[in-house]
Each structure stands twice: as structure tokens, then as C-alpha cells.
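Throughout the sequence shown, residue numbering follows the numbering used here, covering 1 to 205 in sequence.
Read the hints as simulated data drawn from the structure, not as lab findings. We put the beta carbon where it would ideally sit given N, CA and C, even for glycine. Among these hints, one or two may not hold up.
To be verified - Pair ranges (Cβ atoms, derived): (1) K65 <-> K179: 38 to 44 Å; (2) Y99 <-> N159: 27 to 33 Å; (3) A167 <-> R85: 29 to 35 Å; (4) Q77 <-> Q35: 21 to 27 Å; (5) L156 <-> F21: 33 to 39 Å; (6) T109 <-> A33: 20 to 26 Å; (7) L151 <-> R85: 28 to 34 Å; (8) L151 <-> E124: 15 to 21 Å; (9) L202 <-> N49: 22 to 28 Å; (10) L51 <-> A198: 19 to 25 Å.
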Amino acid sequence: MNKYIIDNQYFISVNYIKYLFEKSHINILSCEAYQKMSFRNRCIIAGSNGLINLSVPVENGRNQKCPFKDVRISYRQDWQTNHWRTLTSCYNKSAFFEYYRDWLEAFFTRQETFLFDLNLQILEWLKKVLAIKAEIIVVNDDKVPAAITDLRGRWLPKNFQSPEAAAACPRYFQVFEDKIGFQPNLSVLDALFNAGPATAQLLAS
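Turn these sequences into a full structure, and let the hints steer you where they fit.
In C-alpha cells, the structure reads:
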């Protein structure tokens, strides 16, 4: 079948976005158990001194016992302002930061209740700006349908820059490449800010 199941991630990584160009249908499971130590509530970008981890805090901490769709975002700390300031600091001199600024600045002022919905909102925006034709299907179940390729958990914070991950990631110019070298498989935001509209062609090839 022409379908994948992927993680519903926070500003999804480059290698995961590539899968969206390969199939006509992309499934995400709303009732799966929440997985800690994943990219479901975090993304990684590049700064002048190295990699930066941006995490969305969740109520009751990482050890959730509820379905992913029920995981609530914590606003006890102003993480939205911190994420936006960090992105601005790292990428305001990149070639295409201004191209995506308006949507992102507005996004970081909205307070979504559930992490799953926040990530889905991001995914729908990425689908639009990258002209991804695949249909995003939310499956309200925790069971993997038969004959569908399950790619959840393939790239995690512990292996997202493994040799396999690096080999799968397309090369593009990065703002701090001269200081910290090319960093593969970061958040797709890194590719968008540096490559702009050409990102879609890079990831689809």
C-alpha cells in the first residue's frame, strides 16, 4: 500500500519530512502511548556554538501514561517566547527567515492545549509551504493497520545524526556551517530558513 505511519513531531526533522514526498497517504496515530525521549515534544536546530535542543514542556512530565492525544502542554514557563527568540537569534541572517517569519511569529503566540494538536498544526503548515501532496490521516487508534510501513521511532534524539541518518539527509548551505560543520537531519526549519522554496525539491529528490 502507498502509505506510511510516522511520528507526529514538533517541527519534524528533515529525514522524516522526506517520507511525506514518497507516499500518497501519511498516517499518524492519536491514541498511541506517548513516547518520551523522542522528537514528539522537541526539535534540534543549529546555533553558532553547536546544536540547540528546543523542548515543549508537558504537564506531568515526560513519564506520561495516557494516549498521545491527551498529553497537555505546560505553560508554567514561557517556552514559546524562548523558542521564538532562539530561532530569531540563530536564523535572522539566513536567506529565507523573513519568508516564513509571519506565520511562525503568530504561531508562538497561540496556546494550544494538547501537544498532538500543536504538532498537527505544524505538519499542516509544512504540507502547505512545501506543497506536499500526501494526505495526512489521523488514525484514532493505537494499532498499526496491516500492510502499512511503520516508520515511528526511526530517528530519535539518540541517533538522529547517525551515519545512516546523515547519509539520508540532503546537503544544503547552513548559516553556521563554517563554524560547526554541516549538521544533518535537524528540524526542517533549518532547511527552510537556509534553502527556502528549494527545500521541497531537495527533499523530494
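Evaluated hints:
1. The hinted range of 38 to 44 Å is satisfied by K65 and K179, whose Cβ atoms lie roughly 42 Å apart.
2. Our hint of 27 to 33 Å for Y99 and N159 holds, since their Cβ atoms are close to 31 Å apart.
3. The supplied range of 29 to 35 Å is met by A167 and R85, whose beta-carbon atoms lie about 33 Å from each other.
4. Checking the proposed 21 to 27 Å range against Q77 and Q35 shows it holds: the Cβ atoms sit about 22 Å from each other.
5. About 22 Å separates the C-beta atoms of L156 and F21, a value inconsistent with the hinted range of 33 to 39 Å.
6. Between T109 and A33 the Cβ separation comes to about 31 Å, which falls outside the hinted range of 20 to 26 Å.
7. For L151 and R85, the hinted distance range of 28 to 34 Å is satisfied, since their beta carbons lie about 32 Å from each other.
8. Distance hint for L151 and E124: a CB-CB separation of about 19 Å, consistent with the stated range 15 to 21 Å.
9. Remark: the range hint 22 to 28 Å for L202 to N49 is upheld by a beta-carbon distance near 26 Å.
10. Distance hint check for L51 and A198: the Cβ-Cβ separation is about 23 Å, which falls inside the suggested range of 19 to 25 Å.
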